[in-house]
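K.L.:
Starting from the structure of chain A, add chains B, C and D where the hints point.
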Amino acid sequence: MMRGWRGGVRALGRGVLPFALILIVWALVTRAGVLPAIFLPPPSDVVRTAWAMLKDGSLWINIGASLGRVVVSLVISVPLAVGLGIFVGLRGRLSPVVEPIAGFFNALSGIAWLPLAVTWFGLGWVSVTFIMFNTIFFLVFYNTLVGVRSVPRIFEHAVRTLGGSRRHVIFQVLIPGAMPNIVTGIRMSIGFGWRALIAAEMIATSTGLGFLIYNASNFHQTDTIFVGIVTIGILWLLTDRLVLQPIERWTVERWGLVSSGR
Amino acid sequence: MGRYWEITSTWGVILTVSIATWSLAAATLPVPDYFLPPPSAVLSAFVELMAKGMLPTFVGESLRRILLAALLGLFVGVPLGLLLGISRGTADFAYPVLNFFQSVSGIAWLPLMLIWFGFGERTILVAVNYTVLFPVIFNALLGVRSVPPIYVNALRTLGASRWRIVRDVLVPGALPNIAMGVRLGLAYGWRALIAAEMLVGANGLGFMIFNAQAFHLTARIMLGMGIIGALWLALDYFLLRPLEEATIARWGMVQR
Amino acid sequence: MKGSAMSRFVLLRHRSAVFLLVVAAVWGGWELFLTMTAPQRIDPALQPALSARAPVSVAITLGFAPENFHIRLFQSYGVVSGVRGTTVLVNRVSPDDLGRIARYYWVKRISVQSEVGR
Amino acid sequence: MTAKITIRGLGHEYVNPFTRERVVALDGVDLEVEEGEFLTVVGPSGCGKTTLLNILAGLLPKTRGTVLLNGREVTGPGPDRGVVFQEFAIMPWRTVEKNIAHGLEIQSVPREERAAIVRRFVELVGLGGFERKYPHELSGGMKQRVAVARTLAANPEVMLMDEPFAAVDSQTRITLQEELNAIAQATRKTILFITHSVEEAVFLGDRCCVLSGRPGRVKALVPVRIPRERRGWKLLMSDPTFDAAKEKVFGLVREEVGKEV
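Protein chains in written order, with my numbering: chain A, 201 to 462; chain B, 35 to 290; chain C, -3 to 114; chain D, 5 to 265.
Pulled out of the complex, with its shape left as it was, chain A reads as follows:
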């Protein structure tokens, strides 16, 4: 039943109606000349700028820079975080202590690391990637750790009584059992990581969508700002639809599990 409602909404959700309406209102407001152009440029300007930026490649460069950082950080930190999360999760003695500490760094993850990163690595892509890595790593590590520890012991007993060794318990019980939390951790880490990246790019680099928008505001190029903002929105919707939902559907929903990720 829940699937029916949500599916129905999403089907309609893809409808263009709402956005068309907003565009019309936007166009009317700007034509009426109530606001100066630097405040709210007409949609036609934004489209023209977007087209120009696509043609001269500047938009692609910035998208590439931002997405590149996301992918690099994900590729490095997710496997490391999942591996360490499971390793610590197995250590009954270690994990009750590491969990609150990981919780603290989880709460701290994000832009709060920027000043320290800049102190250590100076302005530039190293600091930004460090912030991305930090955000993603701790979110995934914490959720994996919690996930491993929340797998009901009954499954472990079941495998043991089937003659399963520690290896079987890890790969056939703990990892799949922790999967809902791991998936939540990854989903959250991309959400928070993406936001941290945009903020960090505004401060610490000279490429990327965050920088594009912030720099445009210094020159009052409001149309470029809107191009950047719309791009960020679209990129997130694509990531959500093409990456996050398939992972979730393939793992968690198929097994009918619900995760309690934080």
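These are computed hints drawn from the structure, not numbers from a lab. Note that the structure is predicted; figures quoted are calculated from it, not measured. Among the hints, a few may not be true.
[Unchecked claim] The calculated lysine to aspartate or glutamate pairs, modelled on DMTMM-like cross-linking and capped at a C-alpha distance of 25 angstroms, are:
1) B/K86 <-> C/D39
2) D/K238 <-> D/E183
3) D/K238 <-> D/E260
4) D/K193 <-> D/E167
5) D/K193 <-> D/E141
6) D/K193 <-> D/E36
7) C/K104 <-> B/E82
8) D/K137 <-> A/E299
9) D/K102 <-> A/E453
10) B/K86 <-> C/E63
11) D/K102 <-> D/E41
12) D/K8 <-> D/D34
13) D/K137 <-> A/E448
14) D/K137 <-> D/E116
15) D/K102 <-> D/E116
16) D/K102 <-> D/E77
17) B/K86 <-> C/D93
18) D/K252 <-> D/E116
19) C/K104 <-> C/D93
20) B/K86 <-> C/D92
21) D/K102 <-> A/E448
22) D/K223 <-> D/D173
23) B/K86 <-> C/E27
24) D/K193 <-> D/E183
25) D/K193 <-> D/E109
P.N.:
Structure of chains B, C and D alone, referenced to chain A:
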């Protein structure tokens, strides 16, 4: 060996080892002093900033802004989300718009707001409240839409009025999602606040650590980071988690 | 709170309520403390100016050399005309603002500017 | 011929790690289970039934006493002692087929042989057509059937069952009991079945072992001399031997429950 002893000893070991390595690294690493100040420097930074009255102001300003956003989120965001969610028409219209605006992080709007509101308190407030509000509204709407229809139909067969259905089924049913929306909104909001304070340069923890970096006062950066993390854990443990437990535990509504 | 009915009493003992009460108490107590201790920081010589409700130029002495934070803070109350070691000279401060400045616990003393001399 | 399972002087104490409080669960249990026998264990709640099973399964280290399987000391969990738990301990992330084959997979039985065994037990427990389903798509009764099939597929020396039908509605329970009876007949497997229901214990068991209240001790062993083939609910409704055994066991358990309160 009792469990208590086991846990406390592990805590003891981890804390002493980490502080020791930190101090050792601070003393021996061939880097300029400001790179890695020892724990003692962070402590003296705390004492200094308290004596100078700066820390209470920074913490006070940040807390004021996030709590304001939380109140706004609860008393404006939630009702708005429910309102939009109740009738299918508004829900189907609002869902894609909210989904888009929720995916554009508050910080991405900051440059535009700098143009609209300039480098001041208003820009920070708008950025933070935007970041908190949209996940709250979005999840409240989602919560209402994901209440299984059988509950609605059950009440309808009892001849319940539309208002009663909203009050007795839709709102309680949506509570777990609302709690999650508030939690997510504030998590995003807290980070957007720190970033906004850095960019706009108004008193607050974000500004504290960003400004400290300009003067190579790394001890203050670390102190600020510690407080940012600790404050969130306190907010989470004392306010957000109970909110979530109250909603989910009360109705055992972990929707499959 | 295993989903059992939340009776009024249990609600109050719950950690959220306790946390809010403690925060409110600490904050209230602190504000009260500041309000109580504020008058001691104001130099009696300033009383006539205060009662005259006219803006006044003052010298604010701190326990430490002021940082940019403090200068900016005082600028929101009046015109900062100079800094002498741990003293900040602020002109045209309204009596109400003076009362507010007096409440900062890190302010040692607020005295009439002329006494300290340009 | 030595007994399949020999338990002598088995005792067990739970020590609360925080408060150091000691609770004696079992005190001097002596019991023997013959090859191919269906022994049911019944007793008041808290008499250590599950503790006994967990020790036999090797999941719980015993405080004292000896536990032998085919004459060899039991040390840890192993495939020779299959266990069906009260909660549905089948993996939510595995299909019915993969769950049943789980034990065989662990013992690295070749794929084709595995598939054949799984097919046989899917039919035996009546799960035909559900092979591709995931546990969250099954009813409680069907989940427990998967658990039984999984345990039997691993071909253990002994099957230990910890109140497997407690969390199932009464109709399904009766069908599961009849099916288990048929399986016991077909496989001649040695089964130790823990239950709190006297009726279930007498219906299923060749012998009923009644445990005393805490600390658990073997109070009595009541034989149920009814051939397996005649054990069907319709038949037993009016069978004097069944009623007599039920009365006896019920009396013994009542005595212990009285002491408990």
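K.L.:
Next step is simple, just say for each hint if it's right about the structure.
P.N.:
Hints, verified against the model:
1. B/K86 <-> C/D39: 21 angstroms, holds
2. D/K238 <-> D/E183: 14 angstroms, holds
3. D/K238 <-> D/E260: 30 angstroms, violated
4. D/K193 <-> D/E167: 18 angstroms, holds
5. D/K193 <-> D/E141: Violated. D/K193 to D/E141 sits at ~30 angstroms, over the 25 angstroms cutoff.
6. D/K193 <-> D/E36: 15 angstroms, holds
7. C/K104 <-> B/E82: 16 angstroms, holds
8. D/K137 <-> A/E299: The hint is violated at about 35 angstroms.
9. D/K102 <-> A/E453: Within the cut-off at roughly 18 angstroms; holds.
10. B/K86 <-> C/E63: Answer holds: B/K86 to C/E63 is near 9 angstroms, not above 25 angstroms.
11. D/K102 <-> D/E41: Cα-Cα ~29 angstroms, so violated.
12. D/K8 <-> D/D34: 14 angstroms, holds
13. D/K137 <-> A/E448: Given pair D/K137, A/E448 holds - Cα atoms ~18 angstroms apart, limit 25 angstroms.
14. D/K137 <-> D/E116: 21 angstroms, holds
15. D/K102 <-> D/E116: 13 angstroms, holds
16. D/K102 <-> D/E77: 32 angstroms, violated
17. B/K86 <-> C/D93: 19 angstroms, holds
18. D/K252 <-> D/E116: 49 angstroms, violated
19. C/K104 <-> C/D93: 16 angstroms, holds
20. B/K86 <-> C/D92: 22 angstroms, holds
21. D/K102 <-> A/E448: Since the Cα atoms of D/K102 and A/E448 sit roughly 21 angstroms apart, the hinted pair holds (cutoff 25 angstroms).
22. D/K223 <-> D/D173: It is violated: about 30 angstroms lies between the C-alpha atoms, which goes past 25 angstroms.
23. B/K86 <-> C/E27: 17 angstroms, holds
24. D/K193 <-> D/E183: Cα-Cα ~14 angstroms, so holds.
25. D/K193 <-> D/E109: Holds, at about 21 angstroms.
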